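Taken in order, these protein sequences are the chains called A and B.
Counting from 4, one number per residue, gives the positions in the first sequence under the numbering used here.
Counting from 6, one number per residue, gives the positions in the second sequence under the numbering used here.
Don't take each hint at face value.
Quick look at which bits of chain A chain B covers, simulated, 3 or more residues with Cβ under 8 Å [said to hold, decoys possible]:
no.: 1; segment: 12-18
no.: 2; segment: 107-115
Derived DEER-like restraints, expressed as beta-carbon distance ranges [stated by the list, open to error]:
no.: 3; chain 1: A; residue 1: S30; chain 2: B; residue 2: T67; range: 28 to 36 Å
no.: 4; chain 1: B; residue 1: M10; chain 2: A; residue 2: T23; range: 42 to 50 Å
no.: 5; chain 1: A; residue 1: D60; chain 2: B; residue 2: T87; range: 34 to 42 Å
Counterexamples of contact, computed for chain B against chain A with all Cβ distances above 10 Å [as the list claims (entries may be wrong)]:
no.: 6; residue: Q8
no.: 7; residue: V18
no.: 8; residue: Q53
no.: 9; residue: V116
Since the hints were made in silico from the structure, they are not lab data.
Please read these numbers as outputs of a predicted model, since none were measured by experiment.
The beta-carbon is built from N, C-alpha and C at its ideal position, and this holds for glycine as well.
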Amino acid sequence: DAGVIQSPRHEVTEMGQEVTLRCKPISGHDYLFWYRQTMMRGLELLIYFNNNVPIDDSGMPEDRFSAKMPNASFSTLKIQPSEPRDSAVYFCASSFWGAIGYGYTFGSGTRLTVV
Amino acid sequence: GQQVMQIPQYQHVQEGEDFTTYCNSSTTLSNIQWYKQRPGGHPVFLIQLVKSGEVKKQKRLTFQFGEAKKNSSLHITATQTTDVGTYFCAPIRMKTSYDKVIFGPGTSLSVIP
């Protein structure tokens with residue numbers, strides 16, 4: 004298995020532009036998570052899905068952020084409009100709850116810079 | 006809400022010295038997971054502890070879950086430069102239903118060769 008795949012690896016965009024981050028979880032995993040990591044705030048959970056259904060989006064900063072999971076093999080995190088304070092590394096992770104002890108598998112992340 | 010503390014925030018050690026990081030929760034936990042993130046990398050799952058007082062070893066790494074299931078520790082014996090990175094604990098509160106994992110702030114380890 005190729006693991007959790009995120010794209011793009013790096014994104015530089017201008018303030019006000021729309022940004023879409025993509026994630027392909029590990030096949031068979033039924034949970035998908037979006038995290039944001041910054042020096043100041045550490046690893047923050049933004050939203051997570053179970054069987055493609057959003058379960059908890061309480062970590063989404065504001066209405067500018069939205070996430071979808073149209074099927075078991077794809078998820079997107081969209082920021083519209085983007086702001087400089089959104090600059091961070093965004094990680095996608097997936098897990099299989101039944102496989103207790105295996106933890107989360109993280110993707111390599113997308114480093115977002117908003118200028 | 007759940008509060009998770011990790012101490013120390015940073016640790017610099019000479020290669021060959023031991024290292025310990027502690028994770029403390031304000032609430033009783035079901036399980037706790039530990040992750041390692043190398044500089045510029047992504048978090049990688051290390052282990053999960055489930056039982057009160059549980060101790061697990063992975064080569065030079067020893068993980069312990071407190072008797073009250075409110076704290077945990079990671080101890081590295083004779084650190085090597087490959088141990089450099091940030092170590093996160095990830096407490097899990099509920100056993101019977103899925104609960105979101107909130108990562109601790111992490112302990113950043115530097116190893117001086």
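Kindly indicate which numbered hints from before are broken by the structure, ordering the numbers from low to high. Violated hints: 1, 4 and 8; rest satisfied.
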